[in-house]
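Work out the full structure: start from the sequences and follow the hints.
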Amino acid sequence: MTDITDPMPERAIDGASLAAVLAAGIGAFAMGLFVVLHVASLYSAPGLYGPAGGVSGRTTFAVLVWLVAWALLHRRWRTKVPAPEGVGRVIAATVALVVLGLVATFPPLWELL
Amino acid sequence: MEPVSLFSADSIWTMLHGIALGGGTLLALAAALFALTCMGTGFAAAPSDRSAAGGFVSSEADVRRARRLALLLVGIAVLVWFTVIGGTYIVFPSYRIAPPGGATDLSEYPRALLLASGDTAWLHRYAMETKEHVPWIAAILATAAAFVGVRNRPRLLSNGRVRQVVTGLTAAVFVIVAYVSLLGVFVNKVAPLD
Chain H
1 MTDITDPMPE RAIDGASLAA VLAAGIGAFA MGLFVVLHVA SLYSAPGLYG
51 PAGGVSGRTT FAVLVWLVAW ALLHRRWRTK VPAPEGVGRV IAATVALVVL
101 GLVATFPPLW ELL
Chain A
1 MEPVSLFSAD SIWTMLHGIA LGGGTLLALA AALFALTCMG TGFAAAPSDR
51 SAAGGFVSSE ADVRRARRLA LLLVGIAVLV WFTVIGGTYI VFPSYRIAPP
101 GGATDLSEYP RALLLASGDT AWLHRYAMET KEHVPWIAAI LATAAAFVGV
151 RNRPRLLSNG RVRQVVTGLT AAVFVIVAYV SLLGVFVNKV APLD
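Line by line, the protein sequences are chains H and A. Mapping of the first sequence onto our numbering: position 25 corresponds to residue 25, and the numbering continues sequentially without gaps. Mapping of the second sequence onto our numbering: position 142 corresponds to residue 142, and the numbering continues sequentially without gaps.
No lab work stands behind these hints, which were simulated from the structure alone. Treat the hints with care, as some may be off.
[What the hints assert, rightly or not] To give a feel for the contact side, a few chain H residues facing chain A, derived at Cβ under 7 Å: (1) Asp6; (2) Gly15; (3) Ser17.
[To be verified] Footprint (simulated), chain H over chain A, 3 or more residues, beta carbon under 8 Å: (4) 86-94; (5) 119-133; (6) 138-150; (7) 163-175.
[What the hints assert, rightly or not] Computed list of chain H residues with no C-beta within reach of chain A, every gap over 10 Å: (8) Ala40; (9) Ser44; (10) Pro46; (11) Val68; (12) Arg75; (13) Thr79; (14) Lys80; (15) Leu113.
Heads up, the beta-carbon is just placed ideally off N, CA and C, and yes, glycines get one too.
Encoded structure:
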């Protein structure tokens, strides 16, 4: 059996992968944002499927934001292999966005709005 | 004599959503997390095994295992999306149907049943409201994990950074799915869809 050499340097990750990761963070944040906007009566995404109510609109809009962000980031980063510091920043930003998105969907928080 | 159905359509969809899809997702996530945390080969390689130009040298068997793991990550993403979409567009509408005016028996109207009592209102206001949105975040994160896994499949177990990112995403999905599954068990226990 032959061994296989990875052409990528150790601990390197390509731009397209990072784009997917950051876009996921943006999608998670968008989900929380649409929920908070709805609870605060600032903006309610229209319900796209009557029996499911407003949640169908909020979730669809958040998914659209995610997909658009992913498409844009992928286009911009797909040929790059970022430096380790850049990778760290992207991961940190993703974690922050996901946490914010999850916190925004936490019902007890809505009482503060 | 007409055959009697043991389970209603709503009940079957709920079981499919919660047990088959949700439960299947949790099993697959556990398997993926085990593989990611226990089968990593990158750091096990001795310095003399490292290629001068690039990363680690892996055996064909390691690369095959990594490819299968990437396939599992895709399967997880598919399961999560089916769970989320089925939950939102099939199970949830049945849950939130409003009872006719003056109805005294709310057993067929889970949402109204939960909100009718101060002891159970939290199951809608907290548990179900959480389940409406949080699983979509899990689906998005699972897709990202699958994408990174597939794109980097030969190095999924040998490249420390790739494995770290995929493990983080998969662990987050596991925690979220386990959490909303538990909330769903609580809701269904008190106000089942029959």
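The hints, checked one at a time:
1. The criterion of a C-beta within 7 Å of any C-beta in chain A is met by H:Asp6, whose closest approach is roughly 4 Å, and the hint holds.
2. A hinted interface residue such as H:Gly15 counts as satisfied when its beta carbon comes closer than 7 Å to some beta carbon of chain A; here the least separation is about 11 Å, so the hint is violated.
3. Checking H:Ser17 against chain A by beta carbon gives a least distance of about 4 Å; that is within 7 Å, so the hint holds.
4. Counting residues of the stretch 86-94 of chain A whose beta carbon lies closer than 8 Å to any beta carbon of chain H gives 4, which meets the minimum of three for the stated coverage.
5. Residues of the stretch 119-133 of chain A lying with their CB closer than 8 Å to a CB of chain H number 6, which satisfies the three-residue condition for coverage.
6. Look at the stretch 138-150 of chain A against chain H: 6 of its residues bring a Cβ nearer than 8 Å to a Cβ of that chain, three or more, so the hint holds.
7. A count of 4 residues in the stretch 163-175 of chain A with a Cβ less than 8 Å from any Cβ of chain H is obtained; the coverage claim is therefore met, three being the minimum.
8. For H:Ala40, the condition that its CB be more than 10 Å from all CB atoms of chain A holds, with the nearest at approximately 15 Å.
9. With a closest Cβ-Cβ approach of about 14 Å to chain A, H:Ser44 is found to remain outside the 10 Å limit, as its non-interface label requires.
10. At the 10 Å boundary, the C-beta of H:Pro46 stays outside the reach of chain A, the nearest C-beta of that chain being 15 Å off.
11. For H:Val68, the non-interface assignment is confirmed: its Cβ lies about 13 Å from the closest Cβ of chain A, beyond the 10 Å cut-off.
12. With a minimum CB-CB distance of about 15 Å to chain A, H:Arg75 clears the 10 Å threshold, and the non-interface call stands.
13. The beta carbon of H:Thr79 is kept farther than 10 Å from every beta carbon of chain A, the shortest such distance being approximately 13 Å.
14. With a minimum CB-CB distance of about 14 Å to chain A, H:Lys80 clears the 10 Å threshold, and the non-interface call stands.
15. For H:Leu113, the requirement that its beta carbon stay farther than 10 Å from each beta carbon of chain A is met, with the minimum near 14 Å.
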